[in-house]
Amino acid sequence: MIEALSLGFFQRALLAGVMLSLLCGVLSVFVILRRMAFIGVGISHSAFGGVALGFLLGLDPLWSGIGFSLVVALLIEWAQERGRLEQDAAIGIFFAVAMALGVVFLSLSRTYNVDVFGFLFGNILAVGPYQVGETLAVSAVVLGTVTLFYKELVFLSFDEEMAWVSGVPVRALRYLFLVLLALVIIMAIYLVGIILVSALLVIPGAVARNLTRHISGMLWVSVAAAVAATLAGLFLSLALDWPSGATVVLVLGLAFFLSQASRLWPGR
Amino acid sequence: MSPAAIQIRHLWVSYNHQPVLEDINLDIEENTCVGVLGPNGAGKSTLLKVILGLIAPTRGEILVFGENPRQGRNRGNFIGYLPQRPLSNPHFPVNALDVVLMGRYGRIGLGRRPKKEDRDAALAHLERLGIRHLADRPISELSGGEQQRVFIARALAVNPHLLVLDEPTISLDTCSQDEVYDLVKRLKDELHLTVIMVSHDIGAVASHVDDIVCLNRRVHVHSPPPIGRLALESTFGCAVEYLFHGEIPHRVVRVRDD
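Protein chains in written order, with the working numbering: chain A, 335 to 602; chain B, 306 to 563.
These are calculated hints, taken from the structure and not from any lab test.
In this text, a Cβ means the ideal position worked out from N, Cα and C, and glycines have one as well.
Errors might be hidden in some of the hints.
Calculated pairs, SDA-like style, for lysine to any residue (alpha carbon to alpha carbon, straight line, at most 20 Å) [what the hints assert, rightly or not]:
hint, chain 1, residue 1, chain 2, residue 2
1, A, Lys485, B, Lys490
2, B, Lys420, A, Ser550
3, B, Lys420, A, Val480
4, B, Lys490, B, Asp423
5, B, Lys420, A, Thr481
6, A, Lys485, B, Asp423
7, A, Lys485, B, Gly435
In silico negatives: residues of chain A with every beta carbon more than 12 Å from chain B [as the list claims (entries may be wrong)]:
hint, residue
8, Gln345
9, Gly392
10, Gly452
11, Val472
12, Phe483
13, Tyr484
14, Ala566
15, Leu572
16, Leu598
With the rest of the complex left out, here is chain A:
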């Protein structure tokens, strides 16, 4: 297993995996506090439509995926703002339609040799130097933006109406957060795939919520849980020859059950 560390593809997988889980750990805190757990599922599954469109038109599936999920994320927000729908209903409708489109695109493109399986379940070990560069660029943008608007994002999660009255540009920030979420979800598809990516946006924050009482601590624990689970998952998958994405999610799930159990422990 030690010699795996000297392999280029494994080094790249570790680097990309750590960066992506770090991003997910940060956003996960806001996803939990804003009760948006379901939106991760919605955006990631919508990406499937975009990825399939990329295959059909011969575009880079990453960018068509990002474009598609951004459109769906903004549509979800818009439907909820304008209509009478609750957010979960809007998500349920849009992601089903986007996935159905994806299936049709895929059958139209008749290219079954493409790595659809990799997009669905993640294939971090296949990440090339170019994708590592993309991951680092997105990480810098997302972390910079969250740092800049951290206090406003907390206020928004606490009480949007009050934030508006106090002079915070609520609407712009709400859309901005969705854009960040869509960016991170698409990048994290490399790591765990479309089907499982929402786990990375929900579980780290949930673990941290169980273990901490203040949001600053919650942020660090969430990031630590995400990064540690990714590292452990990658090494474990190598040792056991299990699929890497699924192993990461299983380690995260285990962390959640342990954190839940620790709350039952006497003396807390």
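With chain A fixed as given, assemble chain B onto it according to the hints.
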């Protein structure tokens, strides 16, 4: 006569073509404490949200200190606001000081961190409300009355001239209710605030405000207390029975559907 803090002219608000507020005309003078009374669904909270700029009127005009409340907000003239349910997520992991600091976020501006002066100002507001010792306690672990004080401190942290309180006592026991009313009166005098307070607790409001607005889609009465029984009945649309208890400092009002 002091200048008007709020001027409302022919104001209508409709949801889905259903009027919630009809032809409201109202002047509220500076440095008064006004109680807004009315039954459930009378449009009390809607009126507050129009004053705050959260809801745009369907028709008519509203001026807060001479300007449209949305323009006022954009120019940094914020209104202190205590929502009806200020803690929508009861386990949100922040402490009391964080909550009060939130009131200053709009002033601090995007991309900047709260500085020591912001922290000091927030602590001074907690001090003013007598709960400075709770600054580092998680908001979820405070009692209802303590939480209410924290949220009033946050409303003051925007440095308002106008304080808007939506049912400030609804989740409190009778003792804490009186404390909150006395507190608001003191703050009004100390900070030269204009206060608008919504309630459906007729007796309590009547004994703590300078002026009463009886609202049920339209303004039925606008005058200083005491408000007569007939005026209340026309607002509430049903028979109202006053029960005054001599020595006990609370008035109980019974509303009867005949």
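Hint check against the structure, violated hint numbers in rising order: 1, 4, 7, 12 and 13
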